[in-house]
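Heads up: the protein sequence lines correspond to chains U and X, in order. In case it helps, the numbering used here puts the first sequence at residues 1 to 359. In case it helps, the numbering used here puts the second sequence at residues 1001 to 1211.
Simulated from the structure, these hints should not be mistaken for lab results. Quantities reported herein were computed from a predicted structural model and do not represent experimental measurements. Errors might be hidden in some of the hints.
Chain U is nowhere near these chain X residues, computed Cβ spacing over 10 Å in every case [as the list claims (entries may be wrong)]:
no., residue
1, Leu1006
2, Val1078
3, Asp1108
4, Val1109
5, Gln1126
6, Ile1149
7, Lys1160
8, Ser1182
9, Asp1188
Each computed EDC-like pair below joins lysine to aspartate or glutamate, with the alpha-carbon atoms no more than 20 Å apart [unchecked claim]:
no., chain 1, residue 1, chain 2, residue 2
10, U, Lys207, X, Asp1013
11, U, Lys126, U, Glu230
12, U, Lys212, X, Glu1024
13, U, Lys207, X, Glu1024
14, U, Lys231, U, Glu219
15, U, Lys252, U, Glu300
16, U, Lys266, U, Glu349
17, U, Lys297, U, Glu236
18, U, Lys192, X, Glu1024
19, U, Lys212, X, Asp1201
20, X, Lys1159, U, Asp201
21, U, Lys204, X, Asp1043
22, U, Lys7, U, Glu177
23, X, Lys1159, X, Asp1043
24, X, Lys1211, X, Glu1158
25, X, Lys1007, U, Glu345
26, U, Lys252, U, Glu345
27, X, Lys1146, X, Asp1181
28, U, Lys207, U, Asp191
29, U, Lys302, U, Asp248
30, U, Lys192, X, Asp1043
Note that beta-carbon positions come from the ideal geometry of N, C-alpha and C, so glycine has one too.
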Amino acid sequence: MAKVLMKGNEAIGEAAIRAGCLNYFAYPITPQSEVAEYLAKRMPEVGGMFLQGESEVAVGYMLFGASACGERVFTTSSSPGISLMSEAISYIAAAQCPVVFVNIMRGGPGLGGILPSQADYSQSVKGGGHGDYKLLVMAPASVQEAVEMVTEAFVLAEKYRNPVMILGDGLIGQMMEPVEFPEKVAAKPSDKSEWATTGMDTRKSDKRNLVKTLFLDPEELNRHNLMLKEKYKKMEAEEVRYSTYNTDGDYKAVIASYGTMSRVCKTAIDMLKKEGIEVCMIRPQTLFPFPEVAIRKAVEKKSCKLAISIEMNMGQMVEDIQRSVSGIVPVKWYGKCGGEIPTPEETAEAVKKYLNNEE
Amino acid sequence: MGKTFLKPNSLSDNHTHYCPGCKEAAHGRAPAMATGIKRVRPDLNVFTYQGDGDLASIGMSEIIHSANRGEKFTTIFVNNAVYGMTGGQMAPTTMPNQKTTTSPFGRDVKDVGMPIKMANLLAALQTPGYIERTTVLKPKYIVKAKKAIKKAFIYQMEKKCFSFVEVVSTCPTNWGMTPQDSIKWAEDTLLPYYELGVFKDTPKMEEKNAK
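Please work from the sequences and hints to get the whole structure.
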């Protein structure tokens, strides 16, 4: 298919349809409302279903219900909306339902602002809702990558029977870029007859499927949590995705950055190179599972003096980088959180200051 | 001796303590979850079974909007004027001066308002098709309640409308009464306030008008 120029939010909606997801529940919130506006027109064209829920709280459970029936389903929202869905996300993770969430992040905390941000790193990666659970979190850095990740998200969600979160900053949703939709659509929906509550008549089986999250027997609940833990370990072993930039030379620092911010970092790295300063970047494409080993290996290079987390938040990824480098080098942070995206110049300057021990 | 009463085929021998069906939603969210199911699988029979704290307090938004969209599932609303599972706290349906663990001096309506009449409230909406309040206090009422529930499911199977059957019930444990006293108290106190009857039956009206 030829490239088309498309706004990120619309491309995300189209990608979901092409991935075979014809069920979409959502609630309006800036800066992702264009997904719902696009799909309100597009879903009827393809025989799909869109329902605008009365709140994000309700949308969370509409997703849960639809997914528990074994249907592919997804939603899009932005930071405060995801907070409201977090209750349902915990239930969905506990019940192992393969729902895909897209969070086009805006600034927080509270109402915050409507400009791009990456302030929901911790919410998505560490939890958000109650209890021990993990989302598989993917962070696109372009509209093209958002489309590819949406396509893959449905496959991964079904492979692990686990919710997947696409974590895009506001810019990913709002900017227009040329995009090519994958020729090959996502794999056919997996066989869900073993667990989905599809109705006894249609299943033609004597076994009753029950989708539940309540385990009053402590041993049973412990077993359930251990089973989930095993699943998350498998994701850590098999689903880590990242890309690297400028890792060949004798770099002095490793930058870890994702999403839109990583594109600014690339330009900053090129600028520094012209000044004779070598810096490399590891760009996590999955935030959980985290590219722990890649970052550790990168800082093990003798020339490397430090690692810098560069994010549009107050350093939420720093702890994950510290965990990865386990004390080999210090971990610094640079970023902004008001909705303003740091410029390549500002970013390069911040890196230089750290390298010169000025901060 | 032959059997005079058999368990319906739909009930299994599994031990259940609260979720008799196939899915568990969080407190109050059952109508949203039922919406999700019904929207992607309109062929399935879906019902929510909710208490008064669940439906009239934390889940007020979900029930109103599901009813107003005319989601074609059935809601059975058990109103016993108190939170049961959490141990007898005040519900939106708790009667004036009724003592509960969180209204130890009795519900003060000047402070927290009058109890909410859910069937009346939902009947004010134009879309929902069938709304009836029943009770199970005595066999004569039970027969009527059973009919109402059956009608609600028939309307669902005929893909007609959203149905809501309120069932006024007792909670001897949390009311601190014997079952007999509970029934008397419910008849004397609850039924005059929560009047029984059909609040709305649009399919029946339409059928009449068609004739």
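Results for each hint:
1. Leu1006: Since the minimum Cβ distance to chain U is about 19 Å, X:Leu1006 lies beyond 10 Å and the statement holds.
2. Val1078: The claim holds: X:Val1078 sits with its nearest Cβ about 19 Å from chain U, beyond 10 Å.
3. Asp1108: 29 Å, holds
4. Val1109: Given that every Cβ of chain U is farther than 10 Å from that of X:Val1109, nearest at about 28 Å, it holds.
5. Gln1126: Since the minimum Cβ distance to chain U is about 16 Å, X:Gln1126 lies beyond 10 Å and the statement holds.
6. Ile1149: It holds; X:Ile1149 is separated from chain U by about 20 Å at its closest Cβ, greater than 10 Å.
7. Lys1160: 19 Å, holds
8. Ser1182: 27 Å, holds
9. Asp1188: Holds, because the least Cβ-Cβ distance between X:Asp1188 and chain U comes to about 36 Å, which exceeds 10 Å.
10. U:Lys207 / X:Asp1013: The given pair, whose Cα atoms are some 13 Å apart, holds under the 20 Å limit.
11. U:Lys126 / U:Glu230: It holds: about 17 Å lies between the C-alpha atoms, which stays within 20 Å.
12. U:Lys212 / X:Glu1024: Distance of about 6 Å is within 20 Å: holds.
13. U:Lys207 / X:Glu1024: OK: U:Lys207 and X:Glu1024 at ~18 Å, within 20 Å.
14. U:Lys231 / U:Glu219: At roughly 19 Å apart (the allowed maximum being 20 Å), U:Glu219 and U:Lys231 satisfy the hint.
15. U:Lys252 / U:Glu300: Distance ~11 Å between U:Lys252 and U:Glu300 Cα, so the pair holds.
16. U:Lys266 / U:Glu349: 14 Å, holds
17. U:Lys297 / U:Glu236: 17 Å, holds
18. U:Lys192 / X:Glu1024: Cα-Cα ~18 Å, so holds.
19. U:Lys212 / X:Asp1201: 34 Å, violated
20. X:Lys1159 / U:Asp201: Distance ~18 Å between X:Lys1159 and U:Asp201 Cα, so the pair holds.
21. U:Lys204 / X:Asp1043: With a Cα-Cα distance of about 15 Å, the restraint between U:Lys204 and X:Asp1043 holds, given a limit of 20 Å.
22. U:Lys7 / U:Glu177: Roughly 7 Å separates the two Cα atoms, so the pair holds.
23. X:Lys1159 / X:Asp1043: 9 Å, holds
24. X:Lys1211 / X:Glu1158: OK: X:Lys1211 and X:Glu1158 at ~19 Å, within 20 Å.
25. X:Lys1007 / U:Glu345: 75 Å, violated
26. U:Lys252 / U:Glu345: Roughly 18 Å separates the two Cα atoms, so the pair holds.
27. X:Lys1146 / X:Asp1181: 24 Å, violated
28. U:Lys207 / U:Asp191: At roughly 15 Å apart (the allowed maximum being 20 Å), U:Asp191 and U:Lys207 satisfy the hint.
29. U:Lys302 / U:Asp248: Answer holds: U:Lys302 to U:Asp248 is near 13 Å, not above 20 Å.
30. U:Lys192 / X:Asp1043: Roughly 18 Å between the alpha carbons, so the hint for U:Lys192 and X:Asp1043 holds.
Violated hints, in rising order: 19, 25, 27; the structure is consistent with all others.
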